[in-house]
Amino acid sequence: MADYVAGGVPERLVPRTTEARNAGDAMTLAGRRRGPSVAFWGMATVVASEATLFGTFIGSYYYLRFSALHWPPPGTPEPRVVVPLVMAGVLATTSLPMQLAAIAARRARLWSARALLVWALAVQCGYLAYEIHDYVDQLHRSAPQDNAYSSIYYTLLGADHVHVAIGILLVVWLLWKLLRGLTMYRLNAVQVIAFYWHAVNLLTLIVIGVLLSVTL
Amino acid sequence: MNETAYPDRSTRVGRFTLRQLSVVQWIGVVVAPLAWTGQHVVGYGVGQARCEVGASWGIGFDTWQLAILAAAGLLVLASEAAAVTVFLATRETNYGDGPPGDGRWGGAVPYSRLHFFATAAMFANVLFVAVILMDGLASVFDSLCVQS
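One line per chain: the protein sequences are A and B, in this order. For the record, in the first sequence the residue sitting at position 8 is 8 according to my numbering, with numbers rising by one throughout. The number in my numbering is simply the position in the second sequence, starting from 1, with 1000 added.
Hints were generated in silico from the structure; no laboratory data involved. Mixed in with the good hints there might be a few duds.
Partner residues are not named here, just some residues of chain B that face chain A (Cβ under 8 Å, in silico) [stated by the list, open to error]: (1) Gly1047; (2) Arg1113; (3) Phe1117; (4) Thr1119; (5) Phe1141.
Ideal Cβ positions, reconstructed from N, Cα and C, are used throughout, including at glycine.
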């Protein structure tokens, strides 16, 4: 083993994530970082890909809208305004506990991190349960195959719900992992999943805004 | 745990400094998607100009599309070369997860980020080659100015 690595840095002074196997070490190592973790860059890549996907959906929505004489077509109900807006606003508030959980984990406050994740999870599950009920209810009034409006409406809304569901699964997995304490890997996971939720919440607000723009 | 030290960004890794590798890494990541976006938007614009107002600026539509395809293809090849360069220069990285002594800096942050993006870009750029070929060739072989 070399005593010195490039730049004249002693080998023994180089940090390794495997050394951080408890909350205190993880906090210490995170404090020494000079930039985002690779885990963050991985999630940023995922979010960029999803943003591209939703960009094409939203582009398709407006392409269809401005090509159509009537939007939505006669006989297709307009979306409700108040309840989706309120629900989207409620979901957006979960960015706060998610971010606080990331900060708590960063400070090695494991129980605070767990409690904040449970708070966020409860709201997220409530949101998704209502939205699935509402989605199924809407399917009884109009079907995706009815016309172009219904196709893009259900695609956009359904894709957003799928992202919320994936986020919930990630939080459940995270809570399961945190039952066994905090390591550097798990600290990275808390931070990047909080970042994922910020993106999903923003995405939900944009999707709801696009879908409700028909009522303006 | 030991006190931490990180390599300086002016540290050389083969022929490049870490700062130079960082620039090359982002070229590897962003040039290919931008090339495809440019090809798609410009190709669409050329088609619209031809079909809406009959403009061709003295150049055939297929020639336009093939020229745009070639330009985008060259950019993706440059992007792939950049990604491979960074991948090879940083191949000793281990994301800090290996045993002590593995990797030049045992996974210090700038090094692992470079390798991560270089690896991702190498594979993604192959997909972008396929996308650019399909986009360009479909524009040439499909009928122009009619609903597909």
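Hint-by-hint comparison with the structure:
1. Gly1047: Interface hint status for Gly1047 (chain B): violated (15 Å vs cutoff 8 Å).
2. Arg1113: 6 Å, holds
3. Phe1117: 7 Å, holds
4. Thr1119: This interface hint is violated because 11 Å lies over the 8 Å limit.
5. Phe1141: Violated. Min distance 23 Å.
In the structure shown, a violation is registered for the earlier hints numbered 1, 4 and 5, in ascending order.
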